[in-house]
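All chains, full assembly: derive it from the sequences and hints.
Numbering of the sequence shown is given in the working numbering, commencing with residue 5 and proceeding in unit increments.
These aren't lab readings, by the way, just hints derived from the structure by calculation.
Don't take every hint at face value.
[Unchecked claim] Dumping the calculated DSS-like pairs for lysine-lysine here, alpha-carbon to alpha-carbon at most 30 Å: (1) Lys-63 <-> Lys-78; (2) Lys-78 <-> Lys-59; (3) Lys-64 <-> Lys-78; (4) Lys-64 <-> Lys-36; (5) Lys-63 <-> Lys-34; (6) Lys-64 <-> Lys-39; (7) Lys-64 <-> Lys-34; (8) Lys-36 <-> Lys-78; (9) Lys-59 <-> Lys-39; (10) Lys-36 <-> Lys-63; (11) Lys-34 <-> Lys-78; (12) Lys-39 <-> Lys-78; (13) Lys-59 <-> Lys-36; (14) Lys-39 <-> Lys-63; (15) Lys-59 <-> Lys-34.
[Unchecked claim] Listed next, with one range per pair, are the computed distances between beta-carbon atoms: (16) Asp-28 <-> Gln-67: 36 to 46 Å; (17) Lys-34 <-> Gly-57: 16 to 26 Å; (18) Glu-65 <-> Glu-32: 14 to 24 Å; (19) Glu-30 <-> Gln-67: 31 to 41 Å; (20) Gln-67 <-> Glu-29: 17 to 27 Å; (21) Leu-27 <-> Gln-67: 30 to 40 Å; (22) Ser-26 <-> Gln-67: 23 to 33 Å; (23) Asp-55 <-> Ala-31: 17 to 27 Å; (24) Thr-14 <-> Arg-79: 30 to 40 Å; (25) Asn-22 <-> Ser-62: 30 to 40 Å; (26) Ser-21 <-> Glu-71: 31 to 41 Å.
Virtual Cβ for every residue (Gly too), placed ideally from N, Cα, C.
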Amino acid sequence: MKSQCGAGGTTAFTILSNVWYSLDEEAEVKVKASKGFQQENVDLFVMAFSDRGVKVLSKKETQDVVEYVIYLPKR
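Written as structure tokens, this is what we have:
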């Protein structure tokens, strides 16, 4: 997922929501988020929809970036 997040941009939460709602089947998506605001938005998305089966399959942190693999179940 590539997108501009931050001031004036769409949040990672919104982008992930749109990706999930556009899918017709379950999927694993790779997400790269900058540490800080973007990372918090990804974590918030997963937490908000964990009761619907969304979960982090893997999470790898580097100096400036967090790489996720997120499972999105069929809606």
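Structure-based check of each hint:
no.: 1; hint: Lys-63 <-> Lys-78; verdict: 22 Å, holds
no.: 2; hint: Lys-78 <-> Lys-59; verdict: 13 Å, holds
no.: 3; hint: Lys-64 <-> Lys-78; verdict: 25 Å, holds
no.: 4; hint: Lys-64 <-> Lys-36; verdict: 10 Å, holds
no.: 5; hint: Lys-63 <-> Lys-34; verdict: 10 Å, holds
no.: 6; hint: Lys-64 <-> Lys-39; verdict: 11 Å, holds
no.: 7; hint: Lys-64 <-> Lys-34; verdict: 11 Å, holds
no.: 8; hint: Lys-36 <-> Lys-78; verdict: 22 Å, holds
no.: 9; hint: Lys-59 <-> Lys-39; verdict: 19 Å, holds
no.: 10; hint: Lys-36 <-> Lys-63; verdict: 10 Å, holds
no.: 11; hint: Lys-34 <-> Lys-78; verdict: 17 Å, holds
no.: 12; hint: Lys-39 <-> Lys-78; verdict: 28 Å, holds
no.: 13; hint: Lys-59 <-> Lys-36; verdict: 15 Å, holds
no.: 14; hint: Lys-39 <-> Lys-63; verdict: 12 Å, holds
no.: 15; hint: Lys-59 <-> Lys-34; verdict: 12 Å, holds
no.: 16; hint: Asp-28 <-> Gln-67: 36 to 46 Å; verdict: 37 Å, holds
no.: 17; hint: Lys-34 <-> Gly-57: 16 to 26 Å; verdict: 18 Å, holds
no.: 18; hint: Glu-65 <-> Glu-32: 14 to 24 Å; verdict: 19 Å, holds
no.: 19; hint: Glu-30 <-> Gln-67: 31 to 41 Å; verdict: 32 Å, holds
no.: 20; hint: Gln-67 <-> Glu-29: 17 to 27 Å; verdict: 35 Å, violated
no.: 21; hint: Leu-27 <-> Gln-67: 30 to 40 Å; verdict: 32 Å, holds
no.: 22; hint: Ser-26 <-> Gln-67: 23 to 33 Å; verdict: 32 Å, holds
no.: 23; hint: Asp-55 <-> Ala-31: 17 to 27 Å; verdict: 18 Å, holds
no.: 24; hint: Thr-14 <-> Arg-79: 30 to 40 Å; verdict: 20 Å, violated
no.: 25; hint: Asn-22 <-> Ser-62: 30 to 40 Å; verdict: 22 Å, violated
no.: 26; hint: Ser-21 <-> Glu-71: 31 to 41 Å; verdict: 20 Å, violated
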